[in-house]
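Here the protein sequences line up with chains A and B, keeping their order.
Residue numbering for the first sequence follows my numbering, starting at 1 and increasing by one per position.
Residue numbering for the second sequence follows my numbering, starting at 304 and increasing by one per position.
FYI, nobody ran anything at the bench for these hints, they're computed from the structure.
By construction, the Cβ of each residue, glycine as well, lies at the ideal position given by its N, Cα and C atoms.
Partner residues aside, some chain B positions facing chain A, computed with beta carbon under 7 Å:
no.	residue
1	T348
2	V386
3	D422
4	G428
Number of protein chains: 2
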Amino acid sequence: METKFIKWLRQRLPEDSRSVLGLGDDAAVLRLVGEDCVVTVDMLTDGVDFVVADVEPQRIGHKSLAVNLSDLAAMAARPVAAVVALALPREEGRELAVGLYEGLLPLAKRYGVAVVGGDTNTWDGPLVVSVTAFGRPTSRGVLTRGGARAGDRLLVTGTLGGSILGRHLDIEPRVDQALQLMSEYELHAGIDLSDGLSTDLGHLTGESRCGAVIYADRVPVSDAACTLAESSDDGHTPLQHALDDGEDFELLLAVPPEEAERIIRSQPLDVHISEIGQCVDVEGMWLVDDGERRPLEPGGYEH
Amino acid sequence: METKFIKWLRQRLPEDSRSVLGLGDDAAVLRLVGEDCVVTVDMLTDGVDFVVADVEPQRIGHKSLAVNLSDLAAMAARPVAAVVALALPREEGRELAVGLYEGLLPLAKRYGVAVVGGDTNTWDGPLVVSVTAFGRPTSRGVLTRGGARAGDRLLVTGTLGGSILGRHLDIEPRVDQALQLMSEYELHAGIDLSDGLSTDLGHLTGESRCGAVIYADRVPVSDAACTLAESSDDGHTPLQHALDDGEDFELLLAVPPEEAERIIRSQPLDVHISEIGQCVDVEGMWLVDDGERRPLEPGGYEH
Chain A
1 METKFIKWLR QRLPEDSRSV LGLGDDAAVL RLVGEDCVVT VDMLTDGVDF VVADVEPQRI
61 GHKSLAVNLS DLAAMAARPV AAVVALALPR EEGRELAVGL YEGLLPLAKR YGVAVVGGDT
121 NTWDGPLVVS VTAFGRPTSR GVLTRGGARA GDRLLVTGTL GGSILGRHLD IEPRVDQALQ
181 LMSEYELHAG IDLSDGLSTD LGHLTGESRC GAVIYADRVP VSDAACTLAE SSDDGHTPLQ
241 HALDDGEDFE LLLAVPPEEA ERIIRSQPLD VHISEIGQCV DVEGMWLVDD GERRPLEPGG
301 YEH
Chain B
304 METKFIKWLR QRLPEDSRSV LGLGDDAAVL RLVGEDCVVT VDMLTDGVDF VVADVEPQRI
364 GHKSLAVNLS DLAAMAARPV AAVVALALPR EEGRELAVGL YEGLLPLAKR YGVAVVGGDT
424 NTWDGPLVVS VTAFGRPTSR GVLTRGGARA GDRLLVTGTL GGSILGRHLD IEPRVDQALQ
484 LMSEYELHAG IDLSDGLSTD LGHLTGESRC GAVIYADRVP VSDAACTLAE SSDDGHTPLQ
544 HALDDGEDFE LLLAVPPEEA ERIIRSQPLD VHISEIGQCV DVEGMWLVDD GERRPLEPGG
604 YEH
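Generate coordinates for the entire structure from the input sequences, incorporating the hints supplied.
Next comes the structure, spelled out in structure tokens:
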């Protein structure tokens, strides 16, 4: 429901010159006199983003910050600080909170994030964690969803699909990779894959007012996607998992052709980066599979 | 439980030169090169901070931002922006979200707050609202809890107690009043009364490493405190409600004597400001009532 709701909300928000980039992207850019501060917030809830009964709180804490850092990475912003708000169940709330921070703080340290505040509450409901993170753009500015042009190549880091088997909790946000690419190459647009490739590609092309063609045989399918396809009998292929599963938290980038070629040839990152398709003039998304071109429907997770 | 938990957390947070003021105050001050950004987060939950079944969502939305603006007021910071994270119950979640923003946005407009982002989720639990707000300090810097000295007079805006009868939802944050006092007078310390006078006074004196004496006959008892004392048979007097009830969201300030005298004499605000006591050398809190001096125990709300 978020997409529809954001549309509604956008119409109700007054124009504000300080809001350089408002709703509709991975994070907000806030113009403080002479300084841009990138802000993002993600709220995670028990039963949706994790299951408290099944998972160590440390992994929940890690994920709570990691998803925010992934948003900053999608903007090519350098993480600076975060604040953490918790609604804790009454039973063993303190142990839970301690565990959460034990998972969150090492990640914060690794990415130079100062945890500068928070709000810790107890209530009769299940666990809710809301992290707001702040970043600084590089000297090249921020990377938005809206800059892709027809002809741009679509690149994706890592492998996709099946994160539900565990990786969605232990994700490593692509912060360093985004900063490295931003400093060394010309990038047109970027998004992190939180809702699934087919859905997030729709967000990117929608904001950029272009379309996209994806080549099925170039999509980097993860081992987890194969495992999931084998173990479940819903008929979903590994490719479908790679296209539609949420929470990969990899980067999807739109890059001019000659830059894309340089990136793919030199493979400058510590993770593989694949060219999976390109942007086209006509709005819409298509999948080329076995020589056949058919519409690609957003099949990912809608919040 | 928050106090204990913050203590635990404080010991675990590495020193960070960018965190000018970290946990333990109403808001965090974040040093961006050459610019300070004041950040505060408050998470409100159904059954604790409001009851969805009994209250229009507009009032919940208003309160969610107002409590954050009250924190900024306590720091004498000028509100700039906010991000809003929601966990909505599945049933009528959209209507609820719309109502929340209908209450929140007019308040944001009134105080020049740009709502620059958010995260809207649906889940099987009750409503949770988490707002992170940003402010800018005045040219005189921020007002902290830790600057009070022995001899300072303790001033409080408005009247206290009984906010549970309705005012806790419709609070008007003391933003303009704080900015006005900060620009025209020398203030030593400040806090907003969210947990109750006796508890928040403890926070202020604790951070300032001083004590305080309060004069019972000078505490501005609200009409609601009297109504509550009359209607309930728990034996609490109106004064007890004024001392211990949470969510007044008035300002408590520590001010040098000569400045306090100027403020009290000229009454520069659109709300009455009362002198209720003073800071003393010895740590601890006392209430002088009917000529008798007895210890004042923190009786307010602990999150």
